[in-house]
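Visitor: Chains as they are written, first to last, in our numbering: chain A, 1 to 327; chain B, 1 to 74.
By construction, these hints were calculated from the structure, which means they are not laboratory data. Hints may be right or wrong, so weigh each one.
Unchecked claim - If you only want the chain B side, here are some residues facing chain A, beta carbon under 7 Å, derived:
1) 1
2) 7
3) 13
4) 20
Please read these numbers as outputs of a predicted model, since none were measured by experiment. Beta carbons are placed, not taken as given, at the ideal position from N, Cα and C, and that holds for glycine.
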Amino acid sequence: MLFFPSGIAFLYSYKCNFMCRHCSIGAGPHHDEVLPVEYVEKALREASDIASIQVVVATGGEPTLFPKHLELLIKTAADFGFVTRLVTNAWWARTLEMARRYVRKWRELGLEELNISFDDFHLEYLRLFGGEENVVNAARAAVEEGLRTVVAVTRTRETKIDASYVRKLLGDLAEEVIVADDFISPTSRASGLYEEAVENLPPFGGCAHAGSEISIHPNGDVAFCCGHITTDPASAWFTRVGNITKEHLWDVVDRIQRNVLIWYIKFIGPHVLVKKFNEEEEVKHICHACHLLATKYWKELETRGKEWIINDLKKEIKGLNVRVLAK
Amino acid sequence: MNLDNFLLTPEEATNLANDLFQQQAYKSGASLSEPTLVVPIFAFVLAIAVVAVAVAVAIWVWVWCEFDVEGCNI
Chain A
1 MLFFPSGIAF
11 LYSYKCNFMC
21 RHCSIGAGPH
31 HDEVLPVEYV
41 EKALREASDI
51 ASIQVVVATG
61 GEPTLFPKHL
71 ELLIKTAADF
81 GFVTRLVTNA
91 WWARTLEMAR
101 RYVRKWRELG
111 LEELNISFDD
121 FHLEYLRLFG
131 GEENVVNAAR
141 AAVEEGLRTV
151 VAVTRTRETK
161 IDASYVRKLL
171 GDLAEEVIVA
181 DDFISPTSRA
191 SGLYEEAVEN
201 LPPFGGCAHA
211 GSEISIHPNG
221 DVAFCCGHIT
231 TDPASAWFTR
241 VGNITKEHLW
251 DVVDRIQRNV
261 LIWYIKFIGP
271 HVLVKKFNEE
281 EEVKHICHAC
291 HLLATKYWKE
301 LETRGKEWII
311 NDLKKEIKGL
321 NVRVLAK
Chain B
1 MNLDNFLLTP
11 EEATNLANDL
21 FQQQAYKSGA
31 SLSEPTLVVP
41 IFAFVLAIAV
51 VAVAVAVAIW
61 VWVWCEFDVE
71 GCNI
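Next up, chain A with everything else stripped away, as it sits in the complex (with noise of 0.2 Å):
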């Protein structure tokens, strides 16, 4: 097989106590659905039979609102020898004592990393819970007990929060945190935010997630993808292969890796495609492009059908360059 999936992200509620206006996932308090505990178990257990997953990551939603999932999925995926991450938009670290608590407890059940979310429009929720001093707080706490600690802003043309602004936020503890940019897809709640959306696609190849990190979801969905648009009414079927619920994990790893969609999405791009269908089209995001797909160019695809996306795999991986690439 040409890939095999690295990593697997629980997304077992798209309850948040933050509503922001970039989120692709358009998680917030009105979402009540909960993946039941067993099928978290379940699917880390199944997950440790596929040797080359190595990372799990608990996201959401906030995942930290259920907490009896979060420390289960934590501990089981430790146990079995996971890497453990937590994506969390640091709600719970009003005081460094209170962070101290919540860090040191997860540290001790098997985490590894912990992932803050942090930007403009994060910050508009956050100020309730107590301010930007909650992701300092967080990180300390977070670095004091030695977990892998990042920062992950996201970006539009118009916002003030970005890389360099965390790094001065963090003061001493900027060396040893990873802060990441990166630009909003303009799909699901963020559709509203099109016109300041930054066009971000990669210069070469197509989306290094697709095959490679699998989600599931509340209602026990799998994606082939860590995806932007899965919940979005509209393309959320796209990403979609399978049920954890209904089936084994590596049945639905089977089904990703001998589809050939996939394969194009991954090594070729789904903006590719999206471009050969409508060359004005303007795509901001690679997860904006697989939206397209779903949406606007479904028919145009299901018409040329998978012989042509075979022949056309072909044709443009032979005008791919490997060196070009690796480097």
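Let chain A serve as the given structure and place chain B on it in line with the hints.
Guide: Then chain B, alone, in the frame of chain A:
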């Protein structure tokens, strides 16, 4: 709606993967168990070199004897 229309059988997937891998392996200069153009080209160049040397020796011998250079016993 789903992506099942784009599913390959295990055999199709293996064949296509091999096909795509070989395309890239040729381009990246990786060695393959399959025959490549390197061997025939090398054999062709070697053959040209052998013929050229043989012709040069024949001309030299002919000149040697034709003009009765001392020592020609042919």
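Visitor: Give a verdict on every hint.
Guide: Against the structure, the hints come out as follows:
1. 1: holds, 5 Å
2. 7: holds, 6 Å
3. 13: Cβ of residue 13 (chain B) sits 5 Å from chain A, so the hint holds.
4. 20: Since chain A brings a Cβ to about 5 Å from residue 20 (chain B), closer than 7 Å, the hint holds.
Hint compliance for this structure: no hint is broken.
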